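Asker: Going down the list, the protein sequences come from chains Y and R. Under our numbering, the first residue of the first sequence is numbered 1, with each subsequent residue one higher. Under our numbering, the first residue of the second sequence is numbered 1, with each subsequent residue one higher.
Worth double-checking, as some hints may not be accurate.
Here are a few chain R residues that face chain Y, going by a calculated C-beta distance under 10 Å [stated by the list, open to error]:
{"no.": "1", "residue": "Ser57"}
{"no.": "2", "residue": "Phe59"}
{"no.": "3", "residue": "Leu60"}
{"no.": "4", "residue": "Leu169"}
{"no.": "5", "residue": "Pro170"}
{"no.": "6", "residue": "Ala360"}
{"no.": "7", "residue": "Ile367"}
{"no.": "8", "residue": "Met377"}
{"no.": "9", "residue": "Gly381"}
{"no.": "10", "residue": "Phe384"}
Hints in this document: simulated from the structure, not taken from any laboratory. None of the values given here were measured: they were computed from a predicted structure. Ideal Cβ placement from N, Cα and C applies to all residues, glycine included.
Below are the chains, spelled out letter by letter.
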Amino acid sequence: MIENTRLTRRRIGLLVIAAVAVLGVVASPYRTDIRNLFTVGFFNTALTLAVPITLAGVGGLYSEKSGVINIGIEGLLIAAAFTSVLVTGTTVSTVGADNAVWLGLLAAVVVSTLGALLFGVICIRYKADQIIAGLAIWFVFLGLAPFFSRVYWGQINSPTVATFDQIAIPVLSEIPWLGTLLFTNYPTTYLMLIIVPVAWYVLKFTSFGMWVRASGEHPEALDTAGISVNRVRYASIMISGALSGIGGAAMTLSTVGQFIGQGQTIVNGRGFIGIVAYLMGNYNPIGTFGAAALFAGLDALQVRLQQIGFDIAPELFGAIPYMAVIVVLVFFGYTRIPDRAGENYESGDD
Amino acid sequence: MSDAGPKLPDRAKRILGRLVDASARERILISFASLALALVVGAILLLASGAFATCGSPFLVFGGIEFCYNPIEVYRVMLNGAIGSPYSIGLTLRETTLLILAGVAVAVTFQAGIFNIGTQGQFVVGGLAGAALVQYTADILPANAVGGILLFVLGLAAAGVAGALYGALPGVLLAYYDANEVITTIMLNFIATAVAFTTVRSFLREGAAVQTALVPDYAVPPSIVFPEASSFSVLIFIPTLLIAFGAHYMLKNSPLGYNIRLSGEQPAAAKYSGVDAKRVIVRTFTLSGLIGGLTGGVFVFMVLGYWQPSVPQVGFDGITVSVLAANNPLGVIPAAALFGVIKSGAIALDLQLGVPRQLAGVLRGIIILFVAMPEFMRMIGRKFGLGETSATPAQERVTEENDD
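With the sequences and hints as input, model every part of the structure.
Answerer: Listed below in structure tokens is the structure:
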């Protein structure tokens, strides 16, 4: 019965979203304006903005599937965003801009993965409550990044650094519309486009994916089969760290070119939006991407509306993705989380 | 709630319940040890980060690396800056006042097993409501002591009501729509900031800066005992302490308090004894929001004197304070005082040594990190021979719970 209620609520949710979209387009008195709004450039921007949310979501999904709810992803994104700018900025004079951005990306992945490992040790080795530990990881990096910014740059926001260039893939980028949308992108966007299907395939069809799922649903079974539950969980948590690393670097190195340490930093809640994305995507990496694209689309819309001169309070418009997250949670919040997520597993062996 | 409660709270309830199980003495030990360890880790970070800073006279040159920050000197300056003079004590107590309120707001919900991160948003909305009320009614009320008191009371009431309503929202979303409160409250924090900014910019702004009108002098609570420059009023501090005592008494003795604790400590028992979980969730959230909103009101009247969109993360600090106090409203008082020393010390640190005041934010995270790891603390405790906690009750409970 509950299953039914949930299903109904999800269906209603999808219907509402579809209805709002259709109504918005059909009934609008600004139909030509809307056509101007949804250009291919808009969708391309949305795709770029979806990268950190998607990767944070897919990473968080792996962690939670394995039984460890990772609320700390926001913190890992912050760590990655900061590190990418720091490393790119300091290496650019020796290795050149083209290499420095890749070094920045690599360093972001390393630092974020180490941060995730720390989270894993706290949760698994020291049996911390996962939610509090996740909050702690978020707060630690929310504190460290602006602190180090001021130590290193003397100011809370970094100076601008070199960024990735968009790469047009030969031939494919010539395709009308699709070529601009999919085949003229930043390297981090391509990485996301590759990672999403791979993550889906791995989770669904490989034995590692099966271990991850079992670790969150029936850890005893996995244990009996001779696979270390905690090792699988460590691996999943570190995957969430590595993906957050790319996501965090995508924010700074693909678009903004700067680390912003003010308020809640440049990351501004995207880690938490990623968590909602995988809940809405029902723990499916491809669904997660879809949900992330929806949130990113709202973000892009808000930017685009300002570009074409809609005179509406930009800050309020900027809050639309956050409002959408709450609406989505109301309709999709009741996803079935893995049975044993949030619990520590103790093998009978030790 | 039909047959299945919201998923996270149930889990949270068990865990928070477990924390309560640890003896009070152990919890106090864990808190002090966490604070001490956070300071040690902070010292190491300071030493290391000093190697990357640029300064005129490094305190230590080792292997060609110049270390700018001397951790001992840093902590000495912080302590001195926090309690070295009546003025600095006033500043520290000012921070402490805000931290007690924010800490109690968080503690009430954490006691119920609800992970409410939304105090920050309620602080923002409350402050905004208080400042807006001042702006709209200051001209109507007489410009004397009576008018001042009226303005103050009305302003704080507006702040409390706004905070309570804004706090009730995630409560309703959790109780009736199963929307995870960690996420909704964090989103509401962002929305609060955006709404506050837009409101001030479009409706309340008077000059060029995006900020509200000044609270008139006669409505600012007078600073007795402490120098006026420290913007601290004992007349606010005492009621703040009373709120902490009141929250403690409410949790211990009132029906709502009993239900809150029961929901937090033994959710199953709460369900079977007929506690209306939905109602407890909404009421707890509303109460917490009320106190969170008051924090914003106090910030406007006593600390800043007006409202502007970029405000300190008092609500987040409240989480550290509450966790440090084991979510006990009375424990919040000393925890807030300790964290208040860190916060006001960090400002002195910035001004005197040029070490970023963001150090307080770093310590805020590390403290929670250590408190979150009771197992780690017990391990350290055993190493140092404080072995009476060797049989870890928490562990047994976990295995028990795994069976259901």
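Asker: Of the hints stated earlier, which fail here?
Answerer: 1, 2, 3, 9, 10
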